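8 protein chains.
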Amino acid sequence: MTSSSLASFEINLDFQRAERVGFDEAILCQGKAAEHLERILEQASERGVSLLLTRLAREQVDVLPPHQRNHLDYEPLSRTAYFGAIAPAIAPSRVALVSAGTSDAFVTREISRTLLYYGQSSTPFLDVGLAGAWRLLERIEEIRTFPVVIVVAGMDAALPTVVGGLVGSPIIAVPTSNGYGVSAGGKTALGSILASCSPGLMATNIDNGYGAACAALRILRLLDRSARALPPP
Amino acid sequence: MTSSSLASFEINLDFQRAERVGFDEAILCQGKAAEHLERILEQASERGVSLLLTRLAREQVDVLPPHQRNHLDYEPLSRTAYFGAIAPAIAPSRVALVSAGTSDAFVTREISRTLLYYGQSSTPFLDVGLAGAWRLLERIEEIRTFPVVIVVAGMDAALPTVVGGLVGSPIIAVPTSNGYGVSAGGKTALGSILASCSPGLMATNIDNGYGAACAALRILRLLDRSARALPPP
Amino acid sequence: MTSSSLASFEINLDFQRAERVGFDEAILCQGKAAEHLERILEQASERGVSLLLTRLAREQVDVLPPHQRNHLDYEPLSRTAYFGAIAPAIAPSRVALVSAGTSDAFVTREISRTLLYYGQSSTPFLDVGLAGAWRLLERIEEIRTFPVVIVVAGMDAALPTVVGGLVGSPIIAVPTSNGYGVSAGGKTALGSILASCSPGLMATNIDNGYGAACAALRILRLLDRSARALPPP
Amino acid sequence: MTSSSLASFEINLDFQRAERVGFDEAILCQGKAAEHLERILEQASERGVSLLLTRLAREQVDVLPPHQRNHLDYEPLSRTAYFGAIAPAIAPSRVALVSAGTSDAFVTREISRTLLYYGQSSTPFLDVGLAGAWRLLERIEEIRTFPVVIVVAGMDAALPTVVGGLVGSPIIAVPTSNGYGVSAGGKTALGSILASCSPGLMATNIDNGYGAACAALRILRLLDRSARALPPP
Amino acid sequence: MTSSSLASFEINLDFQRAERVGFDEAILCQGKAAEHLERILEQASERGVSLLLTRLAREQVDVLPPHQRNHLDYEPLSRTAYFGAIAPAIAPSRVALVSAGTSDAFVTREISRTLLYYGQSSTPFLDVGLAGAWRLLERIEEIRTFPVVIVVAGMDAALPTVVGGLVGSPIIAVPTSNGYGVSAGGKTALGSILASCSPGLMATNIDNGYGAACAALRILRLLDRSARALPPP
Amino acid sequence: MTSSSLASFEINLDFQRAERVGFDEAILCQGKAAEHLERILEQASERGVSLLLTRLAREQVDVLPPHQRNHLDYEPLSRTAYFGAIAPAIAPSRVALVSAGTSDAFVTREISRTLLYYGQSSTPFLDVGLAGAWRLLERIEEIRTFPVVIVVAGMDAALPTVVGGLVGSPIIAVPTSNGYGVSAGGKTALGSILASCSPGLMATNIDNGYGAACAALRILRLLDRSARALPPP
Amino acid sequence: MTSSSLASFEINLDFQRAERVGFDEAILCQGKAAEHLERILEQASERGVSLLLTRLAREQVDVLPPHQRNHLDYEPLSRTAYFGAIAPAIAPSRVALVSAGTSDAFVTREISRTLLYYGQSSTPFLDVGLAGAWRLLERIEEIRTFPVVIVVAGMDAALPTVVGGLVGSPIIAVPTSNGYGVSAGGKTALGSILASCSPGLMATNIDNGYGAACAALRILRLLDRSARALPPP
Amino acid sequence: MTSSSLASFEINLDFQRAERVGFDEAILCQGKAAEHLERILEQASERGVSLLLTRLAREQVDVLPPHQRNHLDYEPLSRTAYFGAIAPAIAPSRVALVSAGTSDAFVTREISRTLLYYGQSSTPFLDVGLAGAWRLLERIEEIRTFPVVIVVAGMDAALPTVVGGLVGSPIIAVPTSNGYGVSAGGKTALGSILASCSPGLMATNIDNGYGAACAALRILRLLDRSARALPPP
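Residue numbers (this note's numbering), protein chains in the order written: chain A, 1 to 233; chain B, 1001 to 1233; chain C, 2001 to 2233; chain D, 3001 to 3233; chain E, 4001 to 4233; chain F, 5001 to 5233; chain G, 6001 to 6233; chain H, 7001 to 7233.
If you are wondering where the hints come from, they were derived from the structure by calculation, not from laboratory data.
Label pairs and their calculated CB-CB ranges:
hint, chain 1, residue 1, chain 2, residue 2, range
1, C, Glu2138, B, Glu1142, 14 to 24 Å
2, E, Gln4043, F, Ser5050, 52 to 62 Å
3, E, Leu4137, C, Ile2140, 52 to 62 Å
4, A, Asn70, E, Leu4137, 48 to 58 Å
5, B, Ala1018, F, Pro5065, 44 to 54 Å
6, F, Asp5073, B, Ala1229, 50 to 60 Å
Computed from a predicted structure; not experimentally measured. For each residue, glycine too, the CB sits at the ideal point set by N, CA and C.
Looking at chain A on its own, in the form it has when it is part of the complex (with noise of 0.2 Å):
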């Protein structure tokens, strides 16, 4: 058997989700061959849908064909593609989008355009950090009228613990791997979310700016449907 054989039945593209919990599957490109990334595109392709894809690689764009490749709209500092056309978003934002610094723009970058893909548009407070605490202090009160708060943080992740003792909107907290020594690799600021003194943080695995954007998702739709007396999705 061939390899180009072997892939053509190892794909099967969750198309239902989006009826079960509201958004359509993304493709974590991360760790998938050529072969494989090609024929998920091939199937979009055919079915005529969009594809949101994360976690994609330079050197994985520049081997796909070029067919595909000219359409993918690819932001290389989220690592993030739109593959076919993406919904209008919808104004005004509900999303404040919190981090300590440039240095954890791969994340919140991913989170906007996640965000962007499914219809959400959001308002950015990024360089907010708490080595200088006025940053935050002086644009909290416009940060607590969003309905969901997004924090992203690295090092020691003390943002959310300060934004989520000042603000009472559901709060998602990203983690980042950005850092060195105790802080690389995310672990200390995962800990630091998990550990908040600060009541009812909920956080995201490390990095994981797509996952945030979903729980975003998530609490965005059930206010909709909540205000259109709408079943579950």
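Starting from the structure of chain A, add chains B, C, D, E, F, G and H where the hints point.
Relative to chain A, chains B, C, D, E, F, G and H alone:
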């Protein structure tokens, strides 16, 4: 300086928390000395406020003075207590509380007791482990109707992944420390939840039923404010 | 003493393994120097035996002398190679090979290629992840008919638990290193498998497709001996 | 709501497991409250079924009501109990139970007691540690005749590797938590088994004698079905 | 040789430490046998020197001979004792002692008691956790006036970061073991402090109040020497 | 929205830090995208302020626009750069910089370069490892004369303990990631420093030369304020 | 089968070890059930051989039958016992036993008692910790005269490094579990020893005084064989 | 100050080590900058001494000035080099060098090259892994005749345990980093060695062939001194 005089200025409860985030401070009793607990309850009595106490060991209850101990509604499995009157529960339940088995009851009861303290009821689905997946599947349609779903899971914590792929509501997943060998202490269960292939799960610390309840409260109050077009707390 | 002379007595292949345990030694190539690999293939050529090579990097293949490289059947995704002739596969397949998605194909192919080397075929069920549980459920009756089931799973590794609760055959579960954050390296997947609430799962090392295939071979040969009332190998 | 009323709907035993995987649910008692254990035994009595209880502490036995306690066959070293009648053991033994020394007897007895509960006997080889390798070598030919071999090993867990290189049967290896320093808790023993240079070892969780027995049962029932040309359970 | 004779030459106190580093040896009692503690106090009595004892368990105190026990000033929460007379405290306090809550009092008292033993007083700011950041902010100007600031923090240890961004004095941060789940044992708090985005924090071991006090003493004595233009100790 | 427009509002430097803590913000360049670094230098140019850049990789320098690159004083071993003019160093040196060997020079230079940026010089004692303890002992009297001692140590990090027992000044100890096996990454060195039997050592994160310098600055400025009877920064 | 009958064939002592490696088997008692210990002593009595028992808890001694208990020479701090007669010690001592302080006496006594059991004496240097390095330096010339040096060290374990740089004899280093925070359990001490910059240190498991004594015995017997030109044991 | 001037006083080789411990300082090159390596070789040239360099990467060799590079005897697999003349090897070999397979040759050659540098030869037994235990058993009598045995083992490291139970000589065991999954990095192999049930094994750091050779040298020189009745080095 005597110990009792030290204690008198070491206590500084956050009685303004409800104004900021929508619910009062609770007292995490683990690690607190008897002298401190007694002084905290005194402050609450003086102000005429109620308190929720979590991780309160039987031994800590036993050394309280009788006039305080008699005003505690203590539940030993969850190690929670109410001090003073609590709010009447709002009908109907808007939280589905899902777990694999009775070994995790020390956490599920902390969740239901915390929700109750803040005026919310919950609906238990407590023995639906995946070793017999039919138990979950025969109740999944009912679970899907709840605005918020909390899944409590120890050992391999496969349950949140399956629920997450079948339910569109916000899902708060609580790993538990129950288990032995590689699952002792709950790190494996926590890892499974954070690494879940189901999108948008939100995790709390291991055994943190109180935190999961607070996360649910943040979402429910957002729903309530939204329904009444209210500003943030 | 020169390096090449050192190599000449550092090699001592276990050509009697098949007599003891029923299948030949395979060569784990990771960490082996070029001089050693070359000498191992020479020994095999001299004895006229075939060899299975695992974890063989493209770079290691490229520096082999042409007369050796040309006799290799190399598959890059699984990093396996056959050196010399292999046994014809026995029909029909008695191994179900189950995995969540294409990102784990580097392991599933190592399994199917190892089984093939030892004369066994396998049947793939390779995109049945639990984020869309219907994909597994619609094929579970077919999976149940196989004498041996191998489940390959990364990230949260919830799949082996669900398969284990629905299938009575021996189940060999292989955690994979695929993932990021808490799932990077495969420790979380390994933990989930070992801590599974489904009884009787058997685990291999992370990414050890070769080992899983050997475990399956041990069971299949037991079946064969039993059918023919043969003594142990 | 009282605790006892809570308990009444928190129990949902998987009485259909035998139909799916070939053996009944067992009760993992670690972490279960007295009220839950009592209710589980009540359900079993009402249905007239037997139960295997594992990781049952003496303290948990002592607080059961006498009419339940008197029907338990409790073995303290393995912390297992039979509730109700058990199946008569099938002769002859098809499982070799190998361990390095008496310190691991708390696990080897859990294995033999679990096998016995499900109607299988086993043959012990229990003091054959490699610090004196002659003890293993003088019995290895006998061990090789068993269809299934279970090796229990703590500390450095070198035993499964040596057995794995000498025996062709399926080998289930159980790391134990016995030891101190780097071997405390069993992580080193587990690592040794998973990293073994002997091909095709299959591991369970640390101290999981119950799981090893279930894995053996899966293989033995496959043999039985195969001998009778039966379909899967 | 008897145990008591062994003990007689196993003790070799460092009575010259004050000359080298400016303060006497203290006795870390954890892990010390009764016979050793008794002999150490004897040596001190014979020389007429005082001793500070740390991590001294109540059980260790209880087995001392009465003539020694009666000369101990023992404080159970901090598990410290003074043996013999102590220096009168120098007024005014030059150390701000900041912590999040009363659960960390076992460490904050070890600090204040150690400072007192060496003739220094301290000023407590002990319930200023960031879940209610106003508590810290309303006292921060006062904290800024102290030459040395010690911050004690468990769980997520966000407090040292915020203090570090607002205060220019040397800051010694002590992680505590208080907490559960990922914060059990203090590794997360330690990691947060070391990974802090506030520049120039200095960390001690988990729960090492004694060490933090000694670090403060080194700084205060440098100040004193500097004020008097003295050479190093 | 384009990437460059995103960047324009993601930068929010803390230009007021010197007022609060006594020294300016430095830029941790690890993890920062080229677009962000460029914008940060632009902001500094516009305001006419200098910047210290740390963990700046050669590759990051190479993609800066020439007009920025040419104003950088870049030192590759420490990966630090000065952007703009720096303060003239105050004579004489008040910091002893002690390390075991040249492998840790990447950290010792980060310390000396950071101190220099903030106007402080330091005195190196850089090859005094304990495998040959005479090297330390012959210089210890000189080291004792410095107000602040920084000890940089990798592998087993025994050096800070010995220095700590011989020197009374404040001691800041920096573990390094240099080493292999159990010392790879610096966790062992960090542990040794935190667990030191010498009292009052203060630790920074692994390889955090910048942080150690800032800690020293906090102490030196305290000395200066004290000498001039100045209020806090 | 009763427990006692089980025990009768679970014991298989390695009475031939002395022939192979030069010293008898010792009994590691941790984890052994009372029934097993009793049977082991019975076997030794029947054969008329002595036994060394290690990690023997007081509770295990107390439940032995009086006729066995009365023949034990039990030392509680080291938790060792001699059962039967022991060899007279050879004069003079050839082992220097160096440790930092009395907290590690539970290990140093296990070493000296094990050596004594096998006929070797040792010379203690037991309170020479590096916080006061003069204590080591004033005795180092004496330590240098011993053929074998054993260094026992907990916490930061800096002592073996300094000894290793000053002494040319074989050095066996034993990390101990004594300590708290990052040094709890002995992983930091073990890491320090393994990562030592002094060349040629040899490590044992944490708290493994018995193993260190055996390592010393291997070297001493090599010396003895060498002196008498004898073949290996 | 320029980098080159910095380097000139950062080097302080320990040329007196041979007097203290019996062999010269070797240079651990990992982590050393080119400027430092060059200066170290210069110092050796100036003094007319030879040097052993370990962990010297090909890239580090390539940037040395030609007059230094040409005097290096570099062996790439072990990454060792001799700079200057080396001592002639003493016949006959007194060290048995045992390993499981060729993947560990990068360590075994570091051992044999280090021994050779210090004038000792060794005898290799390099492909005797336990997956085929006959390979070890057929050579064990020969191995038993060596005064010192070094066992190098990766993955599960079962080999030292079996050798330790069969050989009475001092045994130095070196874990290697070779492997994947749970054995990646060598922690499992290290743990197995330390937890071995064979008494008196002595461990070095992972991959520390240099250290194992130095440990062997310490024992061999003790033998030599003993034979000549010499005092310590």
